[in-house]
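Construct the complete structure from the given sequences, taking the supplied hints into account.
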Amino acid sequence: MSDGTPHHILGYNTLIKVWLALLLLTALTVWVAHLNLAIGHVWGSLAIACLKSGLVIAFFMHMRYEGRLLRWLLFLTLTTLAIYIGLTFFDVLYR
Amino acid sequence: MTHHTHKDYAGAKLGMWLFLFTELLLFGGLFLLYAVYLKRYPQEFTAAGREMHVVFGTANTAILITSSLLAAMAVTAIQRDQRRQTLWFLGGTVLCAIIFLTNKFFEWSAEIGHGFYPNSPRLATAPPGESTFFSLYYLTVGLHGLHVLIGASLLTWVAVKVKRGSVHGGDFVLLENGALYWHLVDLIWIFIFPLYYLIL
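For the protein sequence lines, the chains are A and B, in the order given.
In terms of this note's numbering, the first sequence opens at residue -17 and continues consecutively.
In terms of this note's numbering, the second sequence opens at residue 1096 and continues consecutively.
Incorrect hints may have been included.
As the list claims (entries may be wrong) - Once the Cα atoms are required to be at most 30 Å apart in a straight line, the calculated DSSO-like pairs of lysine-lysine come out as: (1) K(-1)/A x K1108/B; (2) K(-1)/A x K1199/B; (3) K1102/B x K1256/B; (4) K1134/B x K1258/B; (5) K(-1)/A x K1258/B; (6) K1199/B x K1102/B; (7) K1134/B x K1199/B; (8) K1256/B x K1108/B.
Claimed, not checked - Selected chain B positions facing chain A (in silico; Cβ < 10 Å): (9) L1119; (10) T1161; (11) S1163; (12) V1170; (13) G1224; (14) L1282.
To be verified - Covered stretches of chain B (in silico footprint by chain A; criterion: 3 or more residues with CB under 8 Å from a CB of chain A, positions within the stretch not fixed): (15) 1105 to 1115; (16) 1146 to 1160; (17) 1283 to 1289.
What the hints contain is simulated information worked out from the structure, not anything from laboratory work.
Think of the CB as a built atom: it goes at the ideal place given N, C-alpha and C, for glycine as much as any other residue.
Below is the structure:
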């Protein structure tokens, strides 16, 4: 998509909306931590952190407007990380 | 005066992203260590995690998110060839970085004052999981703090180039890559914050 127009310009309004969403999610994650959900708040906090990093990567880091190469490399990196974490826990949990 | 330097916008950005991916794997490894030790020492991690200052952590989260916004706005401004705005936004980003590190200084001073530092008498007599928590905490957050320092220096250097006119609306990949590095610093903090300050 970006091959024809490499320089997509993000307007200030979009960036400020993303910033507000990130601040709201931060408030939400602090609130969730105060609830006593046993193990639930660990997964809840991580889910919110993933959502926040998704917003940062997509908008602040312009990934939404990048071409296929960078998107695939990001996918490859995250998959590699997931394999490391998955295999390590496979060992730790079932030793 | 007519020497042409070869510029490869896509290549420069690809190189930066490849470097950022190695950074993700580096911090990913530290988060993995945290997860494994949390599994091994749940009570000790909970006890140690209670000593964290949530107010410092929350304030620094808001500061880094704001600094990331300003860095992204600086990229928008340079793309529109607005040099003055670019410099203001970059100045704001660096100011946020300085406030972040100042908070970190007070936070660490308080923690070290309470006897939490590697090999401290208090941790030497505590259960082994607690010293593991603080070792990982100082390593991860310290490495992140070093990234904040490097990122702020990088963006200051880019700001000088913007002021001198060698980074402008037609050639801004240096600013874009500097901002990408800065967003990575924000990204890592987004995970450090819940793991060390909230979930325990």
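Consistency of the hints with the structure:
1. K(-1)/A x K1108/B: holds, 25 Å
2. K(-1)/A x K1199/B: holds, 28 Å
3. K1102/B x K1256/B: holds, 16 Å
4. K1134/B x K1258/B: Violated. K1134/B to K1258/B sits at ~51 Å, over the 30 Å cutoff.
5. K(-1)/A x K1258/B: holds, 29 Å
6. K1199/B x K1102/B: violated, 39 Å
7. K1134/B x K1199/B: holds, 27 Å
8. K1256/B x K1108/B: Answer holds: K1256/B to K1108/B is near 18 Å, not above 30 Å.
9. L1119: holds, 6 Å
10. T1161: holds, 7 Å
11. S1163: holds, 5 Å
12. V1170: Since chain A brings a Cβ to about 8 Å from V1170/B, closer than 10 Å, the hint holds.
13. G1224: violated, 15 Å
14. L1282: L1282/B check passes; min Cβ-Cβ to chain A is 5 Å, inside 10 Å.
15. 1105 to 1115: With 5 residues in contact (Cβ-Cβ under 8 Å with chain A), the coverage given for the segment 1105 to 1115 of chain B holds.
16. 1146 to 1160: holds (count 5)
17. 1283 to 1289: holds (count 4)
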